[in-house]
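*Asks:* Residue numbers (my numbering), protein chains in the order written: chain W, 8 to 360; chain S, 8 to 360; chain B, 8 to 360.
Check the hints yourself; a few may be wrong.
One copy or two, either will do: identical chains are not told apart, so a pair holds if it fits within one copy or between any two.
The calculated DSS-like cross-link candidates involving lysine-lysine, where the alpha carbons are at most 27 Å apart (straight line), are [as the list claims (entries may be wrong)]:
(1) LYS32 - LYS151
(2) LYS358 - LYS151
(3) LYS250 - LYS66
(4) LYS304 - LYS66
(5) LYS304 - LYS358
(6) LYS66 - LYS151
(7) LYS66 - LYS193
(8) LYS250 - LYS102
(9) LYS32 - LYS250
(10) LYS111 - LYS193
(11) LYS220 - LYS102
(12) LYS358 - LYS145
(13) LYS358 - LYS66
(14) LYS111 - LYS66
(15) LYS358 - LYS215
(16) LYS215 - LYS111
(17) LYS219 - LYS111
(18) LYS145 - LYS102
Simulated from the structure, these hints should not be mistaken for laboratory data.
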Amino acid sequence: MTLLLDSWYCAGWSDELTDTPQRIKIANQDLVLFRDTSGAAIALSNRCPHRFASLAEGKVVGDTIECPYHGLRFDRTGACVLNPHGRGVIPPNAKVDTTILVEKHGALWVWLGNPELADPSTIVNVSFVNDPRYVAVKGVIHVKGNYQLLNDNLLDLTHAAYIHPTTVGLSRDDSVGPDQMDYDFKTEGNIVHSNYGFYDVPPTAQFKRFFKKERGDLYVHVTWVPASSILLDLSMSELGVPKGEIDEPHDRVCMIPAAHLIVPETDETSHYFYAMCRHVDIEDAEGCAETRALGLKTFSQEDAPMVERVQELMATDDLFALRPAILETDIAGVQARRILARLVAQQSESKAA
Amino acid sequence: MTLLLDSWYCAGWSDELTDTPQRIKIANQDLVLFRDTSGAAIALSNRCPHRFASLAEGKVVGDTIECPYHGLRFDRTGACVLNPHGRGVIPPNAKVDTTILVEKHGALWVWLGNPELADPSTIVNVSFVNDPRYVAVKGVIHVKGNYQLLNDNLLDLTHAAYIHPTTVGLSRDDSVGPDQMDYDFKTEGNIVHSNYGFYDVPPTAQFKRFFKKERGDLYVHVTWVPASSILLDLSMSELGVPKGEIDEPHDRVCMIPAAHLIVPETDETSHYFYAMCRHVDIEDAEGCAETRALGLKTFSQEDAPMVERVQELMATDDLFALRPAILETDIAGVQARRILARLVAQQSESKAA
Amino acid sequence: MTLLLDSWYCAGWSDELTDTPQRIKIANQDLVLFRDTSGAAIALSNRCPHRFASLAEGKVVGDTIECPYHGLRFDRTGACVLNPHGRGVIPPNAKVDTTILVEKHGALWVWLGNPELADPSTIVNVSFVNDPRYVAVKGVIHVKGNYQLLNDNLLDLTHAAYIHPTTVGLSRDDSVGPDQMDYDFKTEGNIVHSNYGFYDVPPTAQFKRFFKKERGDLYVHVTWVPASSILLDLSMSELGVPKGEIDEPHDRVCMIPAAHLIVPETDETSHYFYAMCRHVDIEDAEGCAETRALGLKTFSQEDAPMVERVQELMATDDLFALRPAILETDIAGVQARRILARLVAQQSESKAA
Numbered sequence: 008m009t010l011l012l013d014s015w016y017c018a019g020w021s022d023e024l025t026d027t028p029q030r031i032k033i034a035n036q037d038l039v040l041f042r043d044t045s046g047a048a049i050a051l052s053n054r055c056p057h058r059f060a061s062l063a064e065g066k067v068v069g070d071t072i073e074c075p076y077h078g079l080r081f082d083r084t085g086a087c088v089l090n091p092h093g094r095g096v097i098p099p100n101a102k103v104d105t106t107i108l109v110e111k112h113g114a115l116w117v118w119l120g121n122p123e124l125a126d127p128s129t130i131v132n133v134s135f136v137n138d139p140r141y142v143a144v145k146g147v148i149h150v151k152g153n154y155q156l157l158n159d160n161l162l163d164l165t166h167a168a169y170i171h172p173t174t175v176g177l178s179r180d181d182s183v184g185p186d187q188m189d190y191d192f193k194t195e196g197n198i199v200h201s202n203y204g205f206y207d208v209p210p211t212a213q214f215k216r217f218f219k220k221e222r223g224d225l226y227v228h229v230t231w232v233p234a235s236s237i238l239l240d241l242s243m244s245e246l247g248v249p250k251g252e253i254d255e256p257h258d259r260v261c262m263i264p265a266a267h268l269i270v271p272e273t274d275e276t277s278h279y280f281y282a283m284c285r286h287v288d289i290e291d292a293e294g295c296a297e298t299r300a301l302g303l304k305t306f307s308q309e310d311a312p313m314v315e316r317v318q319e320l321m322a323t324d325d326l327f328a329l330r331p332a333i334l335e336t337d338i339a340g341v342q343a344r345r346i347l348a349r350l351v352a353q354q355s356e357s358k359a360a
Numbered sequence: 008m009t010l011l012l013d014s015w016y017c018a019g020w021s022d023e024l025t026d027t028p029q030r031i032k033i034a035n036q037d038l039v040l041f042r043d044t045s046g047a048a049i050a051l052s053n054r055c056p057h058r059f060a061s062l063a064e065g066k067v068v069g070d071t072i073e074c075p076y077h078g079l080r081f082d083r084t085g086a087c088v089l090n091p092h093g094r095g096v097i098p099p100n101a102k103v104d105t106t107i108l109v110e111k112h113g114a115l116w117v118w119l120g121n122p123e124l125a126d127p128s129t130i131v132n133v134s135f136v137n138d139p140r141y142v143a144v145k146g147v148i149h150v151k152g153n154y155q156l157l158n159d160n161l162l163d164l165t166h167a168a169y170i171h172p173t174t175v176g177l178s179r180d181d182s183v184g185p186d187q188m189d190y191d192f193k194t195e196g197n198i199v200h201s202n203y204g205f206y207d208v209p210p211t212a213q214f215k216r217f218f219k220k221e222r223g224d225l226y227v228h229v230t231w232v233p234a235s236s237i238l239l240d241l242s243m244s245e246l247g248v249p250k251g252e253i254d255e256p257h258d259r260v261c262m263i264p265a266a267h268l269i270v271p272e273t274d275e276t277s278h279y280f281y282a283m284c285r286h287v288d289i290e291d292a293e294g295c296a297e298t299r300a301l302g303l304k305t306f307s308q309e310d311a312p313m314v315e316r317v318q319e320l321m322a323t324d325d326l327f328a329l330r331p332a333i334l335e336t337d338i339a340g341v342q343a344r345r346i347l348a349r350l351v352a353q354q355s356e357s358k359a360a
Numbered sequence: 008m009t010l011l012l013d014s015w016y017c018a019g020w021s022d023e024l025t026d027t028p029q030r031i032k033i034a035n036q037d038l039v040l041f042r043d044t045s046g047a048a049i050a051l052s053n054r055c056p057h058r059f060a061s062l063a064e065g066k067v068v069g070d071t072i073e074c075p076y077h078g079l080r081f082d083r084t085g086a087c088v089l090n091p092h093g094r095g096v097i098p099p100n101a102k103v104d105t106t107i108l109v110e111k112h113g114a115l116w117v118w119l120g121n122p123e124l125a126d127p128s129t130i131v132n133v134s135f136v137n138d139p140r141y142v143a144v145k146g147v148i149h150v151k152g153n154y155q156l157l158n159d160n161l162l163d164l165t166h167a168a169y170i171h172p173t174t175v176g177l178s179r180d181d182s183v184g185p186d187q188m189d190y191d192f193k194t195e196g197n198i199v200h201s202n203y204g205f206y207d208v209p210p211t212a213q214f215k216r217f218f219k220k221e222r223g224d225l226y227v228h229v230t231w232v233p234a235s236s237i238l239l240d241l242s243m244s245e246l247g248v249p250k251g252e253i254d255e256p257h258d259r260v261c262m263i264p265a266a267h268l269i270v271p272e273t274d275e276t277s278h279y280f281y282a283m284c285r286h287v288d289i290e291d292a293e294g295c296a297e298t299r300a301l302g303l304k305t306f307s308q309e310d311a312p313m314v315e316r317v318q319e320l321m322a323t324d325d326l327f328a329l330r331p332a333i334l335e336t337d338i339a340g341v342q343a344r345r346i347l348a349r350l351v352a353q354q355s356e357s358k359a360a
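If we strip away everything but chain W, and leave its shape as in the complex, we get:
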């Protein structure tokens, strides 16, 4: 399978981009990102059209980026605006490709596909990431695995009791009976929802510091937007109190929603951007440090090694070719893979047409 280019991908967090160029590879394309003097975020192909140096190793000069090798400068349209050598002649093909970039919800989003289809309203709604009522712990890790393995991971949370019992999952020792949980799945257009409820359970390690009760109701609502942007709406309500809504923080509900923005780097590697947010105790810096440590443990030491071994053992990115045993709990993940396969096929057809 080829990667989906007609998709928004997170290329970084807004507050971390300055006039120091950043390099990132997305869907096999090398990009350089930087801000110009107006503060506008710009994304260009990272490869200088002269001798193919990495522009990200250069520096921003005014509203241009200067190539580190011979000093050519390029503006936000990708045009070379300075050749500092000889008579300064600029050949017509001295241009770098530009990439569509928008800022939304505190993140930088790039679109590598058909520009006519680039509609920012289709970006996953993770508005809590830069909502002042929430505090966010953000980061990114690199995973040696195809991005769909991370979709699978996030769309089937039954793995949490097995690999995250001391971090973000309930432990098997908590013996949650079948009558204490429910599961609901639906697909709306190309968006997949996978909602879990666990009733009268102790807080997971992730909630313990902030929820402050012995038991409660745990809600995990997952929203997947293709190709691989995922909202995890996590909350714990006091017993009998309904699930909270992210847009309306509530005293008796502890909400810690998260954005999990998976970005294919190559067919076999991914960037995993995460923002773990919360509306309670937002001044609690120690709580943020705890969340950061827990997130790193969860993603880097629990999920990533699992996904990397799976990548190695599959040795293909075509899951269905391996005829997997499909469980009831795979329904969301399978649906997402089918949607993706269709979108990639459409993309190829439209290119062919």
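Chains S and B: place on chain W using the hints.
*Replies:* Relative to chain W, chains S and B alone:
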């Protein structure tokens, strides 16, 4: 050339396998090994049929192995016997492949080829490995080289004076004259024997501590069983005393036979299991430590680097395609390669038929 | 593109070759170099024809090299002259290929192509390397980039202000106006000259210690001989004093010529031999240490990382296939690439004929 699947391969030492799963790749197949509650050793494909996690990272629960990712459990027949999620439905293709495994001579032997041909009586006879009259120093190293290069190495011991003069070989300074040595080679069916005698020579470093004489007669009898199991029947006799027989330990003969069990991991890498045994001073723990250090030096620092450079310089596993200069002393190694080529061809034909 | 075999390549510095064998790979060919008892330098294929061990791991015995694996010995013609085993029979194909090697200008030069074309008079003239009026700082680094990227680098020195401002280049702060510099380019047969003059400028870091004036005229005359041998004739003259000539050291001219001998190891990696020489203060050992440190910084920390990122971003060795923007200052580099492409094509044709 493809690898020979119709062959017994060592997958580990019996006394090192417990209910903690072990992972090993043999002939490009990823296996997990563990013992069930009865102590029986079991080998399964290491890849969970659900989402292809590595079962060896999971744990043994009773007589089953539990997948580390979502908790599916598989019994010794490879059948999934527990899906802990939802209604617990187990799809019919939730099965892992099983692998034939027998225990013999203190080792675990797997058979990856045609099950009808799996005859444990064809396993190389290295009974001394768990014979209580012998003490064994065992281990395994990993070599970045095709397994046949290790066959070659062990079937032509003339290299010992060049790369092992201070460990397991006679030094060239010992000036063994042509009248002090003989060499005998024979092939019986698919088994190759290569026997060396060195008369009135000083003990090698390997024998020095245990033989305790200034000079003696050194016998090295090599038995190769395809694809790559090798018995090294080493002994030193006091001058004039006949060569000892492994089955009949003898006071005036110092016997330190060894099993060299070469296992192709991939076409370009190998596992090298070794057991260096002896019937004298079997309580001498310091002697065992000395043997262990000497073995590691011999295999890891002398043989492996040589074989790895040869692999790199050959850049193929087809020795004959490179038209090597063949010496008289290559006869056993060449014969083994021809037998292997024939067995592999037969294997392909039987698959085609 | 294939590599040019009909070319002289530096395989090392003369004064560093002894009777300890050295291994080097040039144009994908593994070679072993050593001196025999007469002091003659010999180059052979590094691969023993018996079991393909690396001869360079062996040792020189008299006028032969002894294979480290089984002790076969080969003379300077590549013939096996000793099989120490059995009856000592030497099979007719026990021969290693020889390689043409000459010593000139303090370097060892090998020729891997058509022997009839091997004319040592075509070796680049870097006689200052072993001219007693000069002192030399020599070394070699390994670069993960196609050798032509290093040709490009050395044939367009406009990069110096960008990546070498504190080592071998003028800083941009020195604001050299267009009237203070000139540039001259010419091709003579297959040799490319690219000459720069900078007038009334401060010494670069490279010249500072030795030139000892506040300002002067800087000359950089580059001579490229295919495939990739480059003479950098660098000098600074006192204001108004003509450029110095390497063959005639001059009191008021500071000459620090350099040999940059680029050697393709594989299509994607290179050896970079350098000799930075000078005719002034030749007893100044501290000055040599300073030059050595500056050279290492320039080549290892400035040029090599740049070239390695370019290699990665190009992902091909065919620059023109990527349709680069070509500047006026690329003329020498482009000319060299065209000459090389023609020589490689001729080489292929002559093989085909």
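*Asks:* Against each hint, give a clear statement of whether it holds in the structure.
*Replies:* Checked hints:
no., hint, in the structure
1, LYS32 - LYS151, "both (14 Å within a copy, 20 Å between copies)"
2, LYS358 - LYS151, "neither (29 Å within a copy, 36 Å between copies)"
3, LYS250 - LYS66, "neither (48 Å within a copy, 36 Å between copies)"
4, LYS304 - LYS66, "between (35 Å within a copy, 21 Å between copies)"
5, LYS304 - LYS358, "neither (42 Å within a copy, 48 Å between copies)"
6, LYS66 - LYS151, "between (30 Å within a copy, 24 Å between copies)"
7, LYS66 - LYS193, "neither (47 Å within a copy, 34 Å between copies)"
8, LYS250 - LYS102, "neither (52 Å within a copy, 39 Å between copies)"
9, LYS32 - LYS250, "neither (39 Å within a copy, 48 Å between copies)"
10, LYS111 - LYS193, "within (26 Å within a copy, 55 Å between copies)"
11, LYS220 - LYS102, "neither (60 Å within a copy, 43 Å between copies)"
12, LYS358 - LYS145, "neither (36 Å within a copy, 55 Å between copies)"
13, LYS358 - LYS66, "neither (35 Å within a copy, 48 Å between copies)"
14, LYS111 - LYS66, "within (25 Å within a copy, 44 Å between copies)"
15, LYS358 - LYS215, "neither (51 Å within a copy, 59 Å between copies)"
16, LYS215 - LYS111, "neither (31 Å within a copy, 53 Å between copies)"
17, LYS219 - LYS111, "neither (33 Å within a copy, 58 Å between copies)"
18, LYS145 - LYS102, "neither (34 Å within a copy, 40 Å between copies)"
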